[in-house]
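A.B. asks: Residue strings, one per chain:
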Amino acid sequence: MAHTEINTMTPRRDAQTTTFFERYEEPMARSLQVALLLFLALIFFLPIGGTLLTSIRTIPDITQNGAWAMPESYQWENLSTAFFQMLPYLKASVIITLPSVFGTLLVATMAGYSLSRMRFRGRIWMFLIIVSLSFVPVHTQLIPVFRLMSNIGLHDTFLAQIIVHIMRHIPFAVLIMTNFFNTVPGELREAARIDGANEWKIFQKIYVPVARPAISALIVLEFTWIWNDLLWGLVLTQGADRRPVTVGILSFQGEYEIAYNMVASGAVIAAIPTLAVFLIFQKHFIRGMTMGSVKG
Amino acid sequence: MNARYVPWLFLMPAIVIYGFFGAIPIFQTFYISMTDQVGVAAPGEFIGLNNYIDLLSDDYFLNSLKNTGIWVACFLFVPNTLAIIIALLVKRTFWGASLIKTVFFMPLALSFAIVGVIWAWIYEPGVGLLDQLLTLVGLDFLIVEWLGPHAGNFSVIAAAAWRQVAFATVVFLAGLSAIPQELIEAAKVDGGTRRQIFFRVTLPLLKPATTIAVSSALIQALLATEIVLTMTRGGPFGTTEVVGYRMYMETFWNYKFGYGASIGVVVTLMTATLVVPYVRRMAKAQEREWG
Amino acid sequence: MADVAIKEVHKHYGAVEALKGIDIEIDTGEFVALVGPSGCGKTTLLRMIAGLEDITAGDIEIAGRVVNDLQPKARDIAMVFQNYALYPHMKVKDNMSFSMQLAGAPKDEIKQKVEEAARILNLSDYLERFPRELSGGQRQRVAMGRAIVRNPKVFLFDEPLSNLDAKLRVSMRAEIKSLHQRLGTTAVYVTHDQIEAMTMADKIVVMSNGRVEQIGTPLELYDEPQNLFVAAFIGSPSMNLLDAKVVDGGFQVADQPLIASGPTDWLDNGRDVVVGVRPDNFALRETGLAIDVTVTEPTGAETQVAGHIAGTPVTCLFRERVEGRYGDVLKVVPNGPLHVFDKLTGQRLGTAQAASVN
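Residue numbers (the working numbering), protein chains in the order written: chain A, 1 to 296; chain B, 297 to 587; chain C, 588 to 945.
With the rest of the complex left out, here is chain A (with noise of 0.2 Å):
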């Protein structure tokens, strides 16, 4: 007893040496520090500032009061008109996107599963190879894939995005499932065998459910980075109906030139969908983002 109160006295005490200092040392470094950081702050903000003040004003406007005056007027209709025209390339990324995902997440989680969980001969190896794979670059892989796709007359298709986004992607998914699964308690699943489940059971009832701060995290994840892909949207594709947004906004870009107020509409159109998500589950993207490199 005696022992608990001790050491729930320590870290008040410490706690005041720090406010002492913060009081009467710091406050001039403090605001020096404040200000430093709300600069770099502002500066941070403008281009995602600037592109969405340009991309609601006029092209007259632009050109009269320069780039950073307050819009003359609003003209919302730039982001209309972007959106109906960016329209089938959203719509493209979104049948690319979403399978991707999923498809990604259900054999990595599994593989995941498998890897932490199993003792199995050529486990370390197999995870070795992952991990290097999660680095292969994707020049390594763009002429190859690209000839077989031609080859198997995939090329020009959705599937063909997806299949390569899968597994493109499965190496960094496989890393983070494995490394969640190895913090959840082994005795979970003794006590699942115990109560009568099977290999199949115990990892759809109990690991996958167990496992949904690391899939959810996976899931924005994947989302921001495949709906972002450039590459191979460029190179597996010829015509514009099965061209993700990555690659819609460079022809809207190419079409519109000087008119920066479209260009940034169409920007701003694009870059919707994976800044709302990134907005709404950031705390989601952190964690997956530092699941991932905690390790090492």
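To be clear, the hints were calculated from the coordinates, so they are not data collected in a lab. Among the hints, a few may not be true.
Not the full set, but computed from the structure, chain B residues with beta-carbon under 10 Å of chain A [unchecked claim]:
| id | residue |
| --- | --- |
| 1 | ARG300 |
| 2 | PHE316 |
| 3 | GLN324 |
| 4 | ILE382 |
| 5 | LYS397 |
| 6 | MET402 |
| 7 | ALA462 |
A virtual CB, placed ideally from N, CA and C, is assigned to each residue, including glycine.
Starting from the known structure of chain A, arrange chains B and C on it as the hints suggest.
C.D. replies: Chains B and C only, in chain A's frame:
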């Protein structure tokens, strides 16, 4: 107690999909790089290391290699130093921290395509956001032709760095919050000044985060392709070309598949030298865990 | 009839021999504690009974049937894990009934069984909660509920109380014991805490280094430990073990006064032995063995004195209040049974009675 095949059943989908569409192509790239294949229609003839020999005297390639070198050098220091400063500042803020974090993290959600489009316009001479901003604050003497032959490569790097700072800030913030506050307090009680505490306690303890931030920055710099594609298409006169972009051009514009593959192999080998130490450490960590 | 029979069981991990031939018979309805220091193989043995570890050699029988190759679910056992192993995403009632759900039992039977178990364990108000919303003791009870619902032949407990605080541990100890007496199901209980074993078990198996050291009732182990290991392991504070020589009329410890005892004619004079004396079997006298006091710890009812006799660390427990500081010397004589062990083999030779000195 498990039937021996059960673990492999769970691994099967991953192995099949990656094996067929990912692993086999890796080997094929190495082979194609030793052929003179043009386009997809017909396989090329085996020409040994000729493509690689040609690379050595290819001015376009050597120029792109030089530019990639500049990318790596810049990415090694600039985004990570900025990120560590931001992370330290954010960590000490008590109000509005989450909003400020969001501002710094937001570029992570944007694709390189969009970053490229936005920044291409920021750099637009005269009317672009940057020139206008500098004029506004009276620094217009700093204005140069941002995407011109002299500054172009650095301007593209700056745009990509904007996104890389976001990533590194996430990593460093996670690293900072993993450091027990007690250690910092103990250092204070031991009489450390803030500078001493940072360099002798905080920074060494941030080593895992630093490793990740640095290796990520290096890999991003080596592979940079998409942002060059969207901002400058390598121009003007190839002054912003990097090796990844060169590979794309040779393959999908000039249809020199064999030659493009050899550049791809060079990129891969450069990446591998960065990654091997990381994987080796990972192996040790995992072996400790699994016995 | 033996409910669980363990016959010549071995376990190897590669070159490491974790269990070196274990033989234990457990009767129906018995509460058996496997006790020993960490690494002695007790948990491994329990997990082998559960079917979570392969058996390298030997047989394990449950209810007369060899279960070596049976899956855990086919063995008619239930297990309570050290960290409870509650499924974090399931409510208490689903945690308790997961096995029945898997087996496809009808809904109303599940409901009835769960409610019955909850009533026994005082969990009726918590069935709709998630494990994270429960206290440590409640989680512990849910883990037991999960075992009870299955109505198994054998309960297996793997250090179930080691994560509870001291006070809760004592009350849960009593609860598990009374539960066992009510249900009458055979139970195998692994613990490293000999007090837990002593207070709960009908029969204790003391293990060390992959071997069984002794099997017996708690009092048998306390009164007649078969070797030095059991002597030192059972009882708290543990038995004092003094190197001695057998002489006429008693035992000689170094240059200390003779420990007088009853007849020792069953021992050869001059033999090297170890004499074991329980801490509470000492009395303070004017003359006797000299204790160089290290520290005295009064607890009110008793005083515990730690020190050395002829360089050997000893602990004594006195009913009276004793003053003593570091450096003081106290004189004591044994006044209870003297456990005599062979110095070389560590095996029990017998018990001599200390001659009461007045």
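A.B. asks: It remains to establish, for every hint, whether it holds in the given structure.
C.D. replies: Tested hints:
1. ARG300: holds (7 Å)
2. PHE316: holds (8 Å)
3. GLN324: holds (4 Å)
4. ILE382: Nearest chain A Cβ about 6 Å off; hint holds.
5. LYS397: holds (8 Å)
6. MET402: holds (6 Å)
7. ALA462: holds (8 Å)
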